[in-house]
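Enquirer: Chain by chain, the residues:
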Amino acid sequence: MSVTEMFSYLQGFLSADQDVREDIRKVVQTLEQTAREILTVLQSVHQPSGFKEIPGKCAKARELFCTVRTQIAQLKTKFPVEQYYRFHEHWRFVLQRLAFLSAFVVYLESESLVTRGEVAQILGIEVVQDRGFHLDLEDYLAGVLIMASELSRLAVNSVTAGDYSRPIRISNFINELDSGFRLLNLKNDPLRKRYDGLKYDVKKIEEVVYDLSIRGLAKEAESVSDK
Amino acid sequence: MSVTEMFSYLQGFLSADQDVREDIRKVVQTLEQTAREILTVLQSVHQPSGFKEIPGKCAKARELFCTVRTQIAQLKTKFPVEQYYRFHEHWRFVLQRLAFLSAFVVYLESESLVTRGEVAQILGIEVVQDRGFHLDLEDYLAGVLIMASELSRLAVNSVTAGDYSRPIRISNFINELDSGFRLLNLKNDPLRKRYDGLKYDVKKIEEVVYDLSIRGLAKEAESVSDK
Amino acid sequence: MSVTEMFSYLQGFLSADQDVREDIRKVVQTLEQTAREILTVLQSVHQPSGFKEIPGKCAKARELFCTVRTQIAQLKTKFPVEQYYRFHEHWRFVLQRLAFLSAFVVYLESESLVTRGEVAQILGIEVVQDRGFHLDLEDYLAGVLIMASELSRLAVNSVTAGDYSRPIRISNFINELDSGFRLLNLKNDPLRKRYDGLKYDVKKIEEVVYDLSIRGLAKEAESVSDK
Amino acid sequence: MSVTEMFSYLQGFLSADQDVREDIRKVVQTLEQTAREILTVLQSVHQPSGFKEIPGKCAKARELFCTVRTQIAQLKTKFPVEQYYRFHEHWRFVLQRLAFLSAFVVYLESESLVTRGEVAQILGIEVVQDRGFHLDLEDYLAGVLIMASELSRLAVNSVTAGDYSRPIRISNFINELDSGFRLLNLKNDPLRKRYDGLKYDVKKIEEVVYDLSIRGLAKEAESVSDK
Amino acid sequence: MSVTEMFSYLQGFLSADQDVREDIRKVVQTLEQTAREILTVLQSVHQPSGFKEIPGKCAKARELFCTVRTQIAQLKTKFPVEQYYRFHEHWRFVLQRLAFLSAFVVYLESESLVTRGEVAQILGIEVVQDRGFHLDLEDYLAGVLIMASELSRLAVNSVTAGDYSRPIRISNFINELDSGFRLLNLKNDPLRKRYDGLKYDVKKIEEVVYDLSIRGLAKEAESVSDK
Amino acid sequence: MSVTEMFSYLQGFLSADQDVREDIRKVVQTLEQTAREILTVLQSVHQPSGFKEIPGKCAKARELFCTVRTQIAQLKTKFPVEQYYRFHEHWRFVLQRLAFLSAFVVYLESESLVTRGEVAQILGIEVVQDRGFHLDLEDYLAGVLIMASELSRLAVNSVTAGDYSRPIRISNFINELDSGFRLLNLKNDPLRKRYDGLKYDVKKIEEVVYDLSIRGLAKEAESVSDK
Amino acid sequence: VGQDLEARANPASAVLSVFKVFQQELDIKHDKYERLVKISRDVTIESKRTIFLLHRVTSVPDAEALLSEADTKLEAVRQKIGQIAEELRGEDIYQFHRAFTPGIQEFVEAASFLHYIRHRSLISLEEINARLVFVGSKELDNKDSAGSPEALTFQVTPSDYLLGVADLTGELMRLCISSVGNGDIDTPFQLSQFLRQIHDGFSYIGNTGPYEVSKKLHTLRQSLGKVEDACYTLRVRGSEIPKHMLADVFSSRSALVDPDEGSA
Amino acid sequence: VGQDLEARANPASAVLSVFKVFQQELDIKHDKYERLVKISRDVTIESKRTIFLLHRVTSVPDAEALLSEADTKLEAVRQKIGQIAEELRGEDIYQFHRAFTPGIQEFVEAASFLHYIRHRSLISLEEINARLVFVGSKELDNKDSAGSPEALTFQVTPSDYLLGVADLTGELMRLCISSVGNGDIDTPFQLSQFLRQIHDGFSYIGNTGPYEVSKKLHTLRQSLGKVEDACYTLRVRGSEIPKHMLADVFSSRSALVDPDEGSA
Ligand SMILES: [Mn+2]
Ligand SMILES: [Mn+2]
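Protein chains in written order, with my numbering: chain S, -17 to 209; chain Y, -17 to 209; chain B, -17 to 209; chain A, -17 to 209; chain D, -17 to 209; chain G, -17 to 209; chain R, 5 to 268; chain L, 5 to 268.
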């Protein structure tokens, strides 16, 4: 085989790789679009009027997650499954956003922490790597941390909207999350940096609860929720 | 499962990942050591005295590649084969050096371009990804480009050592290589940058040949090699 | 001695240095793990339920400091004592965290400022450099400043938990600390930056006391503590 | 002891530390001044006229090294010897420059590689840390690498000045040095980056030798030096 | 003049410049020390006990300003008067602090805004640039803004100390100041950033007044001060 | 129009913009492919054997320029003609390469400098901006400068191929070009950097001519071409 | 000029004569670029001053007078943009875009700020562009109205518009904090609503916008946080009114509890 | 202006009236700064063009004519610097230094380049400053010579001078490479000598100079390397002459071997 033949042959590999990346990029773009739409739907919970409509908003988001699953199904067809990490950077960002959105929907619905398995299910992917396109642990954790910061904003806006009990529930939830993260031995990577942000969220929410407590609104909230 | 249990469980994954990376790093260090030893063996070809000993040096290098194969064999045991790209960054640098060293040995032995398959064989790895730990196409090409730059140095030192025919042969070889690379549609990545360096090697070698020509040394070389 | 012999000999030094650093890194990782565990124990004081259990929590933390002492004892064996500052960066971060944890325990126990000597004792190290592995003054001060920020959080959470007198005591303590720091002539370094954060803690705590005062809760607190 | 007393006491330490650093800075400034003067003396060897005066220039530099020794002697008195690494950053830069200048003088005098011991002797310091103010291995190596780059410049200017044999000797020397460095397992630090520059120096000098060879000037040089 | 002579001349200039800066730095350090002492004296006004002692504290601060004047007098001798802005950065920070301290003393004494002229007088410097070492307008304004932030803290602590009329007077004062600042067209510089902070001070004070109003404490305060 | 509608509208615009860019990128890739093919055809002139085939190679290149014209025609349809500079960056690089290739073909054919109009004609585009898709002056000049560097290489290889008159003609041509470029006032942009490279090309060619002169080969060449 | 010396040396050189033309073309272009940079700097400064002026709206009694003063200032900026349009007459505006984009963004910021204060809504790109139509080369000079009525327009690009609006949010945040300080509790709630819409708009656009927008998103998020915090504080403290001496509050600070009377 | 509205609202406010004065003071300062930035940009551009013109010196026959053209151009730059000096009249020049330092550095580069070409030596800071003395406010306007003969001077700072000279070395390197290309082998050796002196001067100053100088030292070292390489090449190739048809060379390229005839 001459050098020319050899390089022609190699070019085939390069083209194939570029085509795969091009294909992935396109699907990822549609995924990003859908993720932004879900975000738009869920962000309305910060509106004073949005509080009553949470179940409706969640249902709406759940519908859009169908689209997400279809799009991810398409994404899976674009490359051999064992090359997940070869192309990981292409979808890592959007996958973290989607993990966040899943976690946020689940929290709004049930005030509980979504598990990695649940996120995988919502997105129509696997948890464990050997079973196919999966949710990397770091990406799941990043999604959870993005949600924590959204919840600290929600605590503030709940009060503005006159809901005094939600912040207290958020506070408990976030504290539990913080303890959980303290069990992890994180490397000095982007995830660690994101985790360092969590303590600001914790503090912010504690201050909201404090404001309610000192004005006797926390008790009021409790008694309301007791009924 | 409580949040605490969940995070304890997740920590298991993180620890495992960190251990794998630690193990990989250690084996990669031994590989780097061996690569430096092979380089030291091959560097002697640039010495005036080294020109006659090329076959011996190549044999010596071939022996050291045995060690490389053993070390790569160890490396393979450190992580699941389908996670190659997850840890690629750890060995990418040394693998490119080893591809260069393989290409250089083969060139010194036969004045021909090593194929990706041959490099894989020398290193005891696969060409195609699905068959296991393999040589990424980009890493192979990077190795070839490092060799091109080494050859421009060799052309210069050949003249110093009084060998006037080798630069002309190198020139032909490098021109062929250059044409080959021109068939490739490279992305704007480190490889592309390395390839941009090739034209300086081509030019340098052409200038060596020019220097020989204008002094009538090129003809002399031809007539010698004709005999 | 030939150049080759000389460099072989020098490589011995480099390897030894790398081994020492590797050893240090490993022990430091275990220290970080223990520090996170102590933090988890002490974090519970921010919970409404945690206020009564402070003595118990402190005792628990004191126990874990035994582990810290054992780990630091190991750390000391990893390098010659006079090269403390050569490797300082490796343990500086965790040592500041441990100084903070010591200061926090001591404050929770006795509402007094831990001295550098006490911290050194808790960690099983020296105060003065010439006597061995010691606590750098800057690291001690950094630990104290981290505690100040933790106390501003504690003041907030005390109110939530219905303890109205603790914030006032914290306020006095932090004011004293602030005056103390004002005696120091700090360079423009990370410590200075941390110290700049202290004034936000002071202000926050003053606002908590204000909130109590304007609602007549401060007096209530005093009368309670008078009894 | 009140907090105020405690901080007054601590301020004593901080002031002492700042005074030490101030003192060190001042001596280091005088050292830098002397180092620049030595450099100015030695740089004249690049002048066409400077070649004959090398012994004189070296003698001049040797005299200035007396000043250096006096200044370093002063430096040593400014801080406790076991705190070398605490203040290392203050003199690291100038010590590397001085190691370079020592290596350059020794090379110009004897065309041999200065040992770490010789540099230490020229500067009036120790080699081994436990014996006092010493020359860190990395600083010695950095100095040697700076010299390598100066020698590649010298090879060029030697030719311009009509000295055709010096570049060939420099080439041999640098090749030996390169082999030496290849024995070292350098970390990914500034020293490694500097070492990466060595290969450009090697190549540059090889090209000078090539230019001489192809014009028959190398032989001429040899025959001259044979006499 | 030869190139060497020219550079010697320039080097002389640069050395002189460095010496001047060194001298300035030293005096500035003593100024910073005195400024911190004045601050410590004035900080006590935030203490409940401190409110009655304001005149005494102000007198104490006035005394310390004598030291400031002496120190600034020394500073003036360190550089040619027409090169004020060449070295401005060295004392800008401390001058702003001193302007703040002057403004704070004057406010505490007379509840009025210190004029630029008064600050200049307190510090023993000029107002107008051409008359010598002067107070830059931006530095005066920065000092005033630092005071505004201190006053918002004072309003909070006044309430804690049971003084309900002071916050209202502070509120009027700060509002007038705010109107003044609104007239200025600032660049995107540190002053602008500080001015943005003023809005938060105004807001904080408004909140204090509001808290007093809804509790009828504002009226009480007015009637007290009316008497 | 509501804020949401406005952002939808803007998003539409941005998406459209992205689509246009995507379309442009694709056509530009095909252009780059063709440009590389033309280059490969023309590269053979550097081979000893290639000198006789210049006319044939030029013809071959001319054919490939038909493809270029078709591809540029497609490119033109991808965006509104008056927004040339909005997307300029996408094709600037390839257009400069194509200008170079046009200039090189024209030089090889007629040893004259291609005009901007001729390049435009070869590429099927306009010269003047208001008439549509045109050749920016800077891009034309960049192309000419790339050719200059190619000609310096050609001068070297001509000698190797035994053609001693071509370098002298190239020398005259390049000198004229150099005079032309000296008339321009360039900004500190890539073109300026490229123009700085021209000086090295001129220098290189001068050296070739010098080498021919001292060997009497230049005269020989002239007398040959005089015939 | 130097080229003449050259030309005299090689009178017949075709190359030199075309390069002489090139020299002119390049110099003309660079000169135009420079002029645009200078006008853009003026536009920036005057726009910034308009923004400062507008912040005074919360502290003056006669807001209308101030707004009309802002109109006058912006009209002057508009005239400067007219100069830019004049320079760009017949040019591809993207060719010189980098020269004037900072000024145009600042103008969008100022114009949209004024528009918000007056109309409590977001000015659209079309509304901005509609104002940037200039008739004749000296529009102000009314005597010359018989001259060529050729309309000259300047088109703000969607990207510049977006970047200007992103900066507007910072000014709105400042306005919000000032309003609280001035005892106006209506404006903050209005502003938080409005800012949230813009924030949601930007997050809808996400990373499809120009790179600089993504960079500004962080600041935008912070501004929104500050405004939301301010509203939160107002709400929390408002919750205490009923429990303490309510009558008092009504009499002394009626504005606080009557949200319809905020300073619009 | 807005302040009037304010003042009308609080007619008695002393605070507002002093802040009105502050507003003026700040605006005057910022306006001056802006004007200086603009003049500085002009100085930069014209200096750069002078440098380009000077590079033509190796390719024109009548160097003197070109140099006098450069003189004229630099005189225009000087006038612009006169405007800067006018703006700075009575001011502390360091107050606005950041506004005009880029222009002044470029002027130093151009003036020292011209000086080198003419005198083959480094212009001193004093020589530069001696030229920046302006008599009267409109020095060019000679009719007005009866007016105030008050001398206005501009003082280039040593730092700006050093930074300009550091940049000069880049131009000298370009000149050197061009010279080789034009067959002038004398100039490169002269230049390498001169550049080496400047290089040694800068390394003597080391890190005691302003921070920007240290940054430029690397480029300076590279330029010196290029010039030394060029001289090396000339020497190496020169070594071959005696061995091949020496007569030929003498006849056809006498300039090459007669170093006294280089284009000075
Ligand atoms: Mn703004
Ligand atoms: Mn320049």
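Careful: at least some of the hints might be erroneous.
As the list claims (entries may be wrong) - Restraint ranges, calculated between C-beta atoms of paired labels, are given here:
#1 R/Leu71 to L/Arg93: 48 to 54 Å
#2 D/Gln0 to R/Ala80: 46 to 52 Å
#3 Y/Glu71 to B/Arg74: 53 to 59 Å
#4 A/Asp171 to R/Ala80: 45 to 51 Å
#5 G/Glu91 to S/Lys8: 51 to 57 Å
#6 S/Asp5 to R/Leu71: 38 to 44 Å
#7 Y/Arg44 to S/Val63: 36 to 42 Å
#8 B/Thr12 to S/Thr52: 44 to 50 Å
#9 S/Lys169 to R/Glu38: 38 to 44 Å
#10 D/Gly114 to L/Gln159: 55 to 61 Å
Hints are computed from structural coordinates only; laboratory data are not their basis.
Even for Gly, the Cβ is constructed at its ideal location relative to N, Cα and C.
Enquirer: Determine for every hint whether it applies to the structure shown.
Expert: These are the hints, each one checked on the structure:
| no. | hint | verdict |
| --- | --- | --- |
| 1 | R/Leu71 to L/Arg93: 48 to 54 Å | 39 Å, violated |
| 2 | D/Gln0 to R/Ala80: 46 to 52 Å | 47 Å, holds |
| 3 | Y/Glu71 to B/Arg74: 53 to 59 Å | 28 Å, violated |
| 4 | A/Asp171 to R/Ala80: 45 to 51 Å | 57 Å, violated |
| 5 | G/Glu91 to S/Lys8: 51 to 57 Å | 44 Å, violated |
| 6 | S/Asp5 to R/Leu71: 38 to 44 Å | 54 Å, violated |
| 7 | Y/Arg44 to S/Val63: 36 to 42 Å | 38 Å, holds |
| 8 | B/Thr12 to S/Thr52: 44 to 50 Å | 47 Å, holds |
| 9 | S/Lys169 to R/Glu38: 38 to 44 Å | 50 Å, violated |
| 10 | D/Gly114 to L/Gln159: 55 to 61 Å | 20 Å, violated |
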